[in-house]
Amino acid sequence: MDKRFFFEKYGLSERDLEKYLSAALSAGGDYADLYFEYLTSTSLSVDESMVKSASQGISAGCGVRVVTGERTGYAYTDDLAPEKILHAARTAALIASGPAKTPVVSLKDKARPSLYPVTDAASDAELSKKVELVFRADKAARAFDSRVKEVRASYADELRHILVIGSDGTYAEDVQPLSRMSVFVIARDGQQSAKGSSGGGGRHKFEIFLTEKTPEHFANEAARQAILQLTAIPCPAGEMEVVLGPGWPGVLLHEAIGHGLEADFNRKKTSAFSGLMGKRVASEKCTVVDNGTLNERRGSLNVDDEGNATNNTVLIEKGILKGFMADKLSARLMGLPNTGNGRRESYEHIPMPRMTNTYMLSGDDVPEDIIKSVKRGLYAVNFSGGQVDITNGKFVFGASEAYLIEDGKITAPVKDATLIGNGPDVLTRVSMVGNDLQLDEGIGTCGKDGQSVPVGVGIPTLKIDRMTVGGTGN
Amino acid sequence: MATTSTQVELDLRELVQGAVKRAMSLGATAAESVVSEGSEFGTVVRLGEVETLKESGSRGLGVRVFVGQHTANTTTSDLSPEGVEQLVRGAIELAKITSEDPMAGIPEPEQLGQINGDLGLYFDDVYSLSNEERIDQARRAEKAALAVDARLTNSDGGTFDASIGRKVLANSHGFVGEYRSSYCSISAVPIASDEAGNMQRDYWYSVARTLAKLDSPEEVGRIAAERTLRRLGARKIKTQKVPIVFDRQTAGALLDHIFDAVNGDSIYRHASFLAGKLGEKAFGSNVTVWDDGTIVGGYGTRPFDGEGVPTRRTTVFENGELKSYLLNTYTAKKLGLATTGNASRGLAGTPGIGNGNFYMQPGEKSQEEIIKGVKHGLLVTEFLGHGVNLVTGDFSRGASGMWIENGELAYPVEEITVAGNLGEMFCNLAEIGSDLIWRGSVACPTLRIEGMTIAGE
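Quick note, the sequences are listed as chains A and B, same order.
Sequential numbering of the first sequence, starting at 2, is according to this note's numbering.
Sequential numbering of the second sequence, starting at 72, is according to this note's numbering.
A few of these clues could be false.
[Claimed, not checked] The calculated lysine-lysine pairs, modelled on DSS-like cross-linking and capped at a C-alpha distance of 25 Å, are:
(1) A/Lys20 x A/Lys140
(2) A/Lys109 x A/Lys20
(3) A/Lys206 x A/Lys130
(4) A/Lys376 x B/Lys309
(5) A/Lys130 x B/Lys167
(6) B/Lys405 x A/Lys140
(7) A/Lys150 x B/Lys404
(8) A/Lys196 x B/Lys348
(9) A/Lys323 x A/Lys280
(10) A/Lys10 x A/Lys111
(11) A/Lys102 x A/Lys85
(12) B/Lys214 x A/Lys140
(13) B/Lys309 x B/Lys348
(14) A/Lys140 x A/Lys196
(15) A/Lys20 x A/Lys102
(16) A/Lys150 x B/Lys348
(17) B/Lys214 x A/Lys270
(18) B/Lys309 x A/Lys196
(19) B/Lys167 x B/Lys348
(20) B/Lys214 x A/Lys150
(21) A/Lys20 x A/Lys111
[Stated by the list, open to error] With the Cβ distance kept under 8 Å, some of the chain B side facing chain A (calculated, not the full set):
(22) Gln185
(23) Thr310
(24) Asn357
Derived from the structure by calculation, the hints contain no laboratory data.
Cβ atoms here follow ideal geometry from the backbone N, Cα and C, with glycine treated the same way.
All chains, full assembly: derive it from the sequences and hints.
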């Protein structure tokens, strides 16, 4: 659906595109591209059992990039009138200084996979149905336990039309739906307060929220966490064995190794992983991939924001570093395959190598055996996010639901704590890998250089022999 | 140039007033509209070569409508008459699906207004340099950093950025206000390697509203280099409890968490450990904190807030007593209080709460004197991660810094966490430094805090 969207909506023609690319290459340069974007979004939330407000937005624009050697010139416009796009193209061209070049213009899109539905959450349901979702979540969370005192539930969807044309003949159009629900709960018992949160979604039809990812599912999960946290004890401090539950704790991979394997950092040799290609960076039980081709996943894309097909890229195979995630610029400069990881937040931003869905493949261990093998440690099942210093490799991620493991048994829940480690060696301490790979529920957003993009993560149950846990207890 | 910009100014005021008027004629009982316009320039120079050059401008329009006690809001980047009509109609339509909220509404007419006079927010000199001169600023910052020491072998670049913006807000009580703002900044991010090939990176920057107040690229580069070099050879330390000194940057991050905890939105939902503590002694007697949106040239200064209420100076804590939350119209009504002029509003969504210039009253001692007073302890210079639970005040973040031995900085430390509880930490401020400096809209002097746990080996 909606092929030729920009041609119909803005009266673009083949000649216009040729003219814009020619203007971008008017001072020379190796490559130029234009990224057209038209984004509509809706969000609403229930708060104190009222839908207090609802928002809708439309944003459209075009970004023009000119690349010459390692230099990038960039300009954008939120006015798609021909003279504004030409102005942006000439501004971006200032980066180059040579004779004009002639672009190859092709108006033929390649055959693409269709990883997400053509009718999407944004357009296939009435607003009233979306309102119903958040009310159901509110009701379910309050019904979960009388100690649940505050509930906020939100629903958001967007539909992004993109068109990418490049001077190398790149031509790609895509229509990318994205939706999610989230629930935030505060429970109180006497003087004790605690919070819980949950959410998920993806590039789905609206129906998913009525069948699989229901409001009750997210509400119960958020309420369960908040009630549990009411009785949490201080988390211990210091080095210990850590078992990560399946799914969202995969944020470990994203922070510890994911960013460090984005090609731009390695091209500049500013990553702690620079020079480790082909070397052991994890135990032989670890195989990690970045896969943008999974159906309907939050991090999936038919084409990346440079018009390239996404891939299933092996990053680490049986512990050996095998691949980087590349965009056009780093692929060309480093002589690497372009893995289709060139992404950007919007037309206002320069694309760069970014993750899609990053996860570790299942191993052979039975999750119960992994827990049983731990004398004293931490079992962490939910996380609030993380951060990494690419250069020295140090990374953190915050556990929002975790338990003590004592003599092979899961015991008391502990309060929020940050875990810290060193990216290039944390995976070498993985001694057991469960047979239960799960991907997260579709809530992750990754930030890099001020740009946010939706991503996915996943792991099976993992045992890390030693990590530093940042609690306040003994 | 001057003629063009006058023309544009007129248009934007008419645009928001027109959107409000249109909303009222379509059945809204109250309406508010905001337009923002901005230009940005940025360049990165890496290893002496230009890496990126970015220059652009954009505009956006938002409208918030009330139909009785129902409210909704919409945004668009299409400022054509058709775009505005679609925006307003969309908002009115959307309001039909929202609930009746007795507290919904814009401020009362008598609450509206703005501070007159020049607040020092806008200087057009930030855009006065040629591209070559801008690139030169970035290049000099990086060059100065890399020249400091042979161990500085790589770089994430030097940068120069400039931006100007303009915001116009109007509502159906007849308020219309506008202001311009400008920023420019220089940064350097050098990378150092030791003999073993271990790398460390750190950064420094200068930001100002006018080029005249920006530090020289050489100064920025030199400090960035010093901060990076002192991290080489960092080690882990044992798990322990010792006094921790937070430098201005990390102390400012702690104070930022306190802003989040006095934010009316967290308060009325009981999502803050400070909820219900108004008038109580929540922190140590040495803690006095203000929020002041009126400081001339401040990074958190503006003539009116996101709802058209004049900004002001609010005492938030006085000698440890919680004197005021920070509120917008909605959260004030929920709490039975008056707005403190802290509404923040982007284009989209309902107004949130933003700080003005939020800062702690400085003490007497320099950072050096505070460090001298510590026998065994840690100076924290950087946080990693976001581990704060505002509901409980529990705090646990990754950190790096310098070990303090007998009052002297001994060696760099990394891969540790520092943890405590914000409520207790601000009761245990053993020292507050004299070194308050504005480098953003939140500022705090050096702090020494007792009783926190360091997790390491």
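Here is how each hint holds up against the structure:
1. A/Lys20 x A/Lys140: 56 Å, violated
2. A/Lys109 x A/Lys20: Cα-Cα ~17 Å, so holds.
3. A/Lys206 x A/Lys130: With Cα atoms ~13 Å apart, lysine 206 of chain A and lysine 130 of chain A stay inside 25 Å; holds.
4. A/Lys376 x B/Lys309: 21 Å, holds
5. A/Lys130 x B/Lys167: 14 Å, holds
6. B/Lys405 x A/Lys140: Within the cut-off at roughly 22 Å; holds.
7. A/Lys150 x B/Lys404: 20 Å, holds
8. A/Lys196 x B/Lys348: 19 Å, holds
9. A/Lys323 x A/Lys280: The given pair, whose Cα atoms are some 8 Å apart, holds under the 25 Å limit.
10. A/Lys10 x A/Lys111: 22 Å, holds
11. A/Lys102 x A/Lys85: 21 Å, holds
12. B/Lys214 x A/Lys140: 60 Å, violated
13. B/Lys309 x B/Lys348: Violated: lysine 309 of chain B and lysine 348 of chain B sit about 36 Å apart, past 25 Å.
14. A/Lys140 x A/Lys196: Roughly 17 Å separates the two Cα atoms, so the pair holds.
15. A/Lys20 x A/Lys102: Holds - the C-alpha atoms of lysine 102 of chain A and lysine 20 of chain A are around 12 Å apart, at most 25 Å.
16. A/Lys150 x B/Lys348: With Cα atoms ~19 Å apart, lysine 150 of chain A and lysine 348 of chain B stay inside 25 Å; holds.
17. B/Lys214 x A/Lys270: 18 Å, holds
18. B/Lys309 x A/Lys196: Between lysine 309 of chain B and lysine 196 of chain A the Cα gap is close to 31 Å, so the pair fails against 25 Å, i.e. violated.
19. B/Lys167 x B/Lys348: 37 Å, violated
20. B/Lys214 x A/Lys150: Between lysine 214 of chain B and lysine 150 of chain A the Cα gap is close to 57 Å, so the pair fails against 25 Å, i.e. violated.
21. A/Lys20 x A/Lys111: 22 Å, holds
22. Gln185: Not OK, violated: glutamine 185 of chain B not within 8 Å of chain A, min 25 Å.
23. Thr310: 4 Å, holds
24. Asn357: It is violated, given that the least Cβ distance between asparagine 357 of chain B and chain A is near 23 Å, above 8 Å.
Hints 1, 12, 13, 18, 19, 20, 22, 24 from the list above are not met by this structure, while the remaining hints are.
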